[in-house]
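Peer 1: Listed below, chain by chain, are the residues.
There are 6 protein chains.
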Amino acid sequence: MKILVVNPNSTKAMTDKAVVAARRVAHPDTEILGATGTGPASIEGHFDEAMSVPGLLAEVAAAEKAGIDGIVVACFDDPGIGACREVASGPVIGLCEASVKAASLLSTSFSVVTTLPRSIPVIERLIHGYGLSHLCRRVRSAAIPVLALEEEGSDAREKVRDEILRAIAEDKCEAVVLGCAGMADLTDWLSEETGVPVIDGVTVAVKMVEALVGAGLKTSKISGYATPNEK
Amino acid sequence: MKILVVNPNSTKAMTDKAVVAARRVAHPDTEILGATGTGPASIEGHFDEAMSVPGLLAEVAAAEKAGIDGIVVACFDDPGIGACREVASGPVIGLCEASVKAASLLSTSFSVVTTLPRSIPVIERLIHGYGLSHLCRRVRSAAIPVLALEEEGSDAREKVRDEILRAIAEDKCEAVVLGCAGMADLTDWLSEETGVPVIDGVTVAVKMVEALVGAGLKTSKISGYATPNEK
Amino acid sequence: MKILVVNPNSTKAMTDKAVVAARRVAHPDTEILGATGTGPASIEGHFDEAMSVPGLLAEVAAAEKAGIDGIVVACFDDPGIGACREVASGPVIGLCEASVKAASLLSTSFSVVTTLPRSIPVIERLIHGYGLSHLCRRVRSAAIPVLALEEEGSDAREKVRDEILRAIAEDKCEAVVLGCAGMADLTDWLSEETGVPVIDGVTVAVKMVEALVGAGLKTSKISGYATPNEK
Amino acid sequence: MKILVVNPNSTKAMTDKAVVAARRVAHPDTEILGATGTGPASIEGHFDEAMSVPGLLAEVAAAEKAGIDGIVVACFDDPGIGACREVASGPVIGLCEASVKAASLLSTSFSVVTTLPRSIPVIERLIHGYGLSHLCRRVRSAAIPVLALEEEGSDAREKVRDEILRAIAEDKCEAVVLGCAGMADLTDWLSEETGVPVIDGVTVAVKMVEALVGAGLKTSKISGYATPNEK
Amino acid sequence: MKILVVNPNSTKAMTDKAVVAARRVAHPDTEILGATGTGPASIEGHFDEAMSVPGLLAEVAAAEKAGIDGIVVACFDDPGIGACREVASGPVIGLCEASVKAASLLSTSFSVVTTLPRSIPVIERLIHGYGLSHLCRRVRSAAIPVLALEEEGSDAREKVRDEILRAIAEDKCEAVVLGCAGMADLTDWLSEETGVPVIDGVTVAVKMVEALVGAGLKTSKISGYATPNEK
Amino acid sequence: MKILVVNPNSTKAMTDKAVVAARRVAHPDTEILGATGTGPASIEGHFDEAMSVPGLLAEVAAAEKAGIDGIVVACFDDPGIGACREVASGPVIGLCEASVKAASLLSTSFSVVTTLPRSIPVIERLIHGYGLSHLCRRVRSAAIPVLALEEEGSDAREKVRDEILRAIAEDKCEAVVLGCAGMADLTDWLSEETGVPVIDGVTVAVKMVEALVGAGLKTSKISGYATPNEK
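Residue numbers (numbering that gives the first Met the number 0), protein chains in the order written: chain A, 0 to 230; chain B, 0 to 230; chain C, 0 to 230; chain D, 0 to 230; chain E, 0 to 230; chain F, 0 to 230.
If you are wondering where the hints come from, they were derived from the structure by calculation, not from laboratory data. Note that the coordinates shown come from a computational prediction; the quantities given were computed from them, not determined experimentally. Every residue, glycine too, gets a C-beta built ideally from N, C-alpha and C. Watch out, some of these pointers could steer you wrong.
As the list claims (entries may be wrong) - List time: in silico DSS-like cross-link candidates among lysine-lysine, alpha-carbon distance up to 30 Å:
| # | chain 1 | residue 1 | chain 2 | residue 2 |
| --- | --- | --- | --- | --- |
| 1 | B | Lys158 | A | Lys220 |
| 2 | B | Lys158 | C | Lys220 |
| 3 | A | Lys158 | F | Lys217 |
What the hints assert, rightly or not - Short derived list, chain B residues pointing at chain C, Cβ under 8 Å:
| # | residue |
| --- | --- |
| 4 | Pro90 |
| 5 | Gly130 |
| 6 | Thr202 |
| 7 | Ala210 |
| 8 | Gly213 |
Stated by the list, open to error - Far from chain C, by Cβ distances over 10 Å, these chain D residues were calculated:
| # | residue |
| --- | --- |
| 9 | Val24 |
| 10 | Pro27 |
| 11 | Glu30 |
| 12 | Leu32 |
| 13 | Ala65 |
| 14 | Leu131 |
| 15 | Asp154 |
| 16 | Arg156 |
| 17 | Lys158 |
| 18 | Gly215 |
So here's chain A without its partners, still in its complex pose (with noise of 0.2 Å):
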């Protein structure tokens, strides 16, 4: 089975953290395609992710083309998802809704810790389209920025750490969803050193997406997913 992790901003360090986080869980004869978008260089709020789409559609075209079998949007906010969706034929899964789903399989609530305060309301409508409002029991934000995470030296890692212990001891939640692409290393520590699940979205997601293609399910082609119309 052929995976493409397609990071829709433009930063390959980005993409390559996404790769790796993918190859570290997918099954050996799953094979790992990775792209990186030609958007901005990372998505901080609506703006960044809107001019991230275009490039990333003509990824998901590509890989289309060349007979992918299922597509993880490897950025949180859930770019162009449902655009996505018309274009591929198999399964397209975001990294918010992945993690977001795998936490309500997991705990009776969650909390999520992000990056930036600007993405805190982005995430709050996603969920609120998932329908999960009633389990998250707040999103967060650890205040530093997102290439921040790609930094040697940064003390981003002990930020984020502080704020899942702000979040289990203050809203009571039973499991942390990490808020955004470039965290996947950092799971497992921050797993025990807080003593909750903590989920990180291209994990899940890739892992979401080969179930999904591994038991034989497609996008449905039908109405609000069928592929685009000609003009």
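Once you have looked at the hints, place chains B, C, D, E and F on chain A.
Peer 2: For chains B, C, D, E and F alone, kept in the frame of chain A given last:
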């Protein structure tokens, strides 16, 4: 006051129609500017919508620079509204949000009549996000292509009227929202033929932007709609 | 266009203030008429609200007879709106509905600051009915009596400002709705002091009625808001 | 224990009928007192409802002074309940709230059969506020005027039965709530004819008030239902 | 009328206490029967709850055979209510459903104070299912083991009172529901100490069953609660 | 990885069928273990469900002791899932939760086709709890007994196909969930006949458990799903 009516698809005829509709209801001292996107010729589904947004944002950014007071995004799928709100300082409203909120002020329930079946789930999801699902009886399609509304000799308007009559009879709705940018010139005739308020998105969006600007209100800039971060 | 601003309580000074606020933002060709109810001196809770409605309806009926185009019910508890919509042919809007719907067009979340604690559950219930609970962070009280806003030397305005600052800090809201009819003259100052859109109900309700009338829309008369049955 | 059954409309015959229904089910040691409002002859829509409330509140206040233990507001539109709860110290229940909450204890879903179509949106809005929309299959009208239930030779009861049978067949509901104060004497016959619990509001409201009073419970007085402020 | 109060856990002392509480409020002509399950000694979480249900159902079936009129399941987790409703012909009510519905009739919002933290998500899920999440401010735990309520010299009752006072101060709730079967004897004292209605599940469940039986109502048998199929 | 597929009813043939379905889609390195409950021969309603849970929990506890990695509860009513999650350390998923969450990843709306009408409200309540009511068009019954699926010569499969076709035509759903454990072998045929994704619970539940285990995730143990308390 200057209001931009920006059609995110690339069909100039639809822009012109929207501008005419806007000018018909705008105050004499409101200047209506029109702009046309660079995306698909019509917006039929998620893919078309996503592809239209960068061109839309370019128009919004240009208008913002030129001192626009408020913006109407003249498409019923409300593409890129969050991104536009980050770019613009004045109010930005899409047709779906404007018209379902107007309907909620004039009736206890409404149905939506759109063009193509594939737009139904897009609109349902928007209305869920706007919190008005409990007032929306049903989103219906008159099963006509978007561009048919522009064609001479098409029976599109009769199809729309008949679908409205079915909505009243079957859904027991009290108002009908036209789920498409190109029907503004039909509202008076449709309202007379059917006996209910028939709400056109361009019309009410223009008036609502006028209202918010006239009230001295602007888009909040402290978090979700803050100006895009410099990269 | 003629718009009636009807204050359902019997305090003429509040009517006058609302009319001034309305005229400040109305278009030059909109005539603002004021009317005062015969109910309690202020509306603080369900009982006061209920007692104010018959007097309110009498004013609405008189205005309807005299050919009014639209009506603003100048009280934040939105008393008798459904009944007014049965009596009037044009649009009728209350302050809470107008301002929370405006807030939803300008921000991803808002809080409400009202006067007395006992109004909090009334307003929460209204917002639940309007479908906007998911965007409303919190309804807060500045703990001031309604009529204190009219008193010389009261520190009511500072209390309101401080409550708004607390709302921004604690609720992470992006806009604030003033939950009272008597604060229209404070919005500019409050917005400057706090950095967020501060929304006054009279102001936005007048502009929204203007917008709906200007769009040629009237209240639906086929079911829920049909003219009262003759007895 | 003394319970007031107050009919907010001014048709004494309906009060008498409600009192008879109440006495039929009340405990022998419960004294049922009847009172009639000064509003419209029947409550058909928002306007009638609003006009009935001051008279209703006067009866409630008088009964409160005389030491009433609990109050049933004998109208299915639940007029002025919040205001009555401010005035009364004991429990106050309206017919809609009592009967849909009873239905939710006896079935997994229910439909409501009311008299006039114009009451449908009023009842839907109440049920939304009570949080039971997910259990309410549909609010239906048997298309009979409220007062027809009082008329000799009317076929109103057959119409109600037929609508219940349609509700069971089409809505797959498991219980039916009678959406009108005047049908208490029909429940046994309707239940036998249709095979489902048929719930009359007066009956269950009286029993629920008895239950709450018997449990030693009173209306909370610390905020939303606090005694009206002195002016 | 005969009402069974069945305690699904196997601690006879808790049954006795519930029966005493039930008899304290039941009408003189209501016979209260007690029964004790064969499950765990206390119900603390999903596992205990599940293990208690077969014993509970055996008691319900026996009582049904013996002609019981209605049933109270004396546990706040509402275990096996749907199954009991299939077995019984009369009304069946659990403590959580009874008390949150009672709270919704007496206040505009309530909080729940339960014993152990692990019961919080169980209760939150129940309240979500009952449709009352929008009125429930918070489910809190007084952090006491269920059986401590039975122990001499325990400070459990003071802990409960203090948690109620915190609920009023922090949650701004207007009523408090006691989220445990064993606190019925504390309600009067707690209500006096705190100034809000304090609602005990056994008390209100008994009275609600009395009310429904007294209204002549039984559980619907046409679908969701139909008698179990013979195998 | 070892996954237990536990059928909570006592019909060994259904277990075998589920195990076959599970093995058909599991990875070669996943070992599928089967277990059969001691409850009713089939689960048709709340009573059967409740009676099946202790036997189910015994199997889960035994498997947990033996080091199982994850568990599928092979019944569409999701019996005892919370209790299983307390007992197990790995992920536990029921068929309804697995398949409706899968459907939400592949389509914008789905319907469920179950066997008996009495299961409809059970499933509706589950979906409400999972937060997906807004995507579920309708829960339908093909009106066949659960065990008919096992009988030679039954026309059960044609009935299911016809109900799916009706769901597509009438509900405008884009995917169909099979609301029963015994239809796994029909999905390919049904999907071909109907043109939409047809989702079988066993299949997707096994793949989702594989996914969560493969992602290194376990059930949260800090509150709602903590190990049962010792008594």
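Peer 1: Now tell me, hint by hint, if it's right for this structure.
Peer 2: Hints, verified against the model:
no. : hint                : result
1   : Lys158/B x Lys220/A : holds, 26 Å
2   : Lys158/B x Lys220/C : holds, 24 Å
3   : Lys158/A x Lys217/F : holds, 24 Å
4   : Pro90               : holds, 6 Å
5   : Gly130              : holds, 3 Å
6   : Thr202              : holds, 5 Å
7   : Ala210              : holds, 4 Å
8   : Gly213              : holds, 5 Å
9   : Val24               : holds, 29 Å
10  : Pro27               : holds, 34 Å
11  : Glu30               : holds, 26 Å
12  : Leu32               : holds, 21 Å
13  : Ala65               : holds, 18 Å
14  : Leu131              : holds, 13 Å
15  : Asp154              : holds, 21 Å
16  : Arg156              : holds, 22 Å
17  : Lys158              : holds, 19 Å
18  : Gly215              : holds, 24 Å
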